[in-house]
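Student: One letter stands for each residue in the lines below.
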Amino acid sequence: MSRRSEVLLWGAQRVSAMVLALCVAVHLLTMIYAVRSGLSAAEILGRTQGNVGWLLFYTVFVLAVAVHAPIGLRTIIGETTNARGRGVDMLVAVIGIALAAWGMRAVIGVFGGGAA
Amino acid sequence: METLQVRIWRGTEEGGFQDFEVPRQESQTVLDVVTYVQRKCDPTLAYRFACRVGVCGSCAMTVNGVSRWTCRTHVDKVAEDNRVEIAPLRNLPVIKDLVTDMREFFDKWAKARGRFTGSATRKEAFAKVSPESKERKRIEAGIECIGCGVCYSACDVVTWNKDYLGPAALNRAWTLINDVRDTARTERLAAVAGDAGCHACHTHLNCTERCPKSLSPTAGIAGLKRAVLAATLSGEI
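Chains A and B are the protein sequences, given in the same order.
Each residue of the first sequence is one higher than the one before, starting from 1 at the first, in our numbering.
Each residue of the second sequence is one higher than the one before, starting from 1001 at the first, in our numbering.
Accuracy of the hints is not assured; some may be wrong.
Claimed, not checked - Covered stretches of chain A (in silico footprint by chain B; criterion: 3 or more residues with CB under 8 angstroms from a CB of chain B, positions within the stretch not fixed):
hint, segment
1, 61–70
2, 73–81
Claimed, not checked - Some, not all, of what chain A presents toward chain B, calculated at C-beta under 10 angstroms:
hint, residue
3, M1
4, S2
5, R14
6, R84
What the hints assert, rightly or not - Some chain B residues flagged as far from chain A (calculated, every beta-carbon gap over 10 angstroms):
hint, residue
7, Q1028
8, A1079
9, P1131
10, D1195
It should be emphasised that the hints constitute simulated quantities derived from the structure, not laboratory data.
All residues carry an ideal CB built from backbone N, CA and C; glycine is no exception.
Chain A on its own, in the form it takes in the complex (with noise of 0.2 angstroms):
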């Protein structure tokens, strides 16, 4: 990978670590309200069933997991295994790839009211 990838790899990581850390704190919250508050799964369900906010919400938020985790586990690879290249990061590419396959097939279920 040229040197010019690697740091708009790092550039993409902390783009992504910065959406992650508003999208993490709004979930949490939103979890803690829903429980706290005695929401069933149904009802949960019925409020973003077809909510276009909490889909481009958790949309945003599968992506930059999507981005975020596989440039990490690209770095943690290297410095703990020395495994560096193009198998590791054909590999990560293929983790963040199914990141967002079942992130997304998630987000749609919720959103959507089909099997997630």
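Fit chain B to the supplied structure of chain A, relying on the hints for placement.
Tutor: Just chain B now, with coordinates in the frame of chain A:
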């Protein structure tokens, strides 16, 4: 007379600790202890020092697990139960006993383009740099490095990534990036970019915690990260 229990690393990468007893003295430094052992107990002990007053940066060792300059580290400050364990610096090959091979440390300064590159000749007037300028203040914060290798020894990222340039080399690059007289900015930013450069730093702050000159390589590296990203996005590198 009160004595200090001293354990000193003997050997190269392979080896072990040897025990010595050294008389305690007032205001005794760790370097005094090592010197006593070499002169009175075992003349084959290898260690490195020169100025003894915190200027040359050659006497750094690992004392009770912490990288320190030994000439200005008092035994009173570091002894635990009247015991001191002295080992060579981490992250560098050991030549013998307490002497490390510093080549990779200084080679990385060269890789980080740590040499000033100017355009003026001796026939031109001195450059005028205001001490109050933003750039000069940044240089001021990082310029007093004595090249002792303590930060390099304390850095876990160096341990995990042997290609990582390390805090001292990056700190040097940062001072030159801010030198308005220097003409190699673009090449230097490219040299310190990426996985083996400033972006590998995890901001653990070990270097800043241990620097005997109270510099903050971490702050300089953070500045480099931003400068390199900006240069990458603008197409400069």
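Student: Could you tell me which of the numbered hints above are not met by this structure, giving the numbers in increasing order?
Tutor: 1, 10
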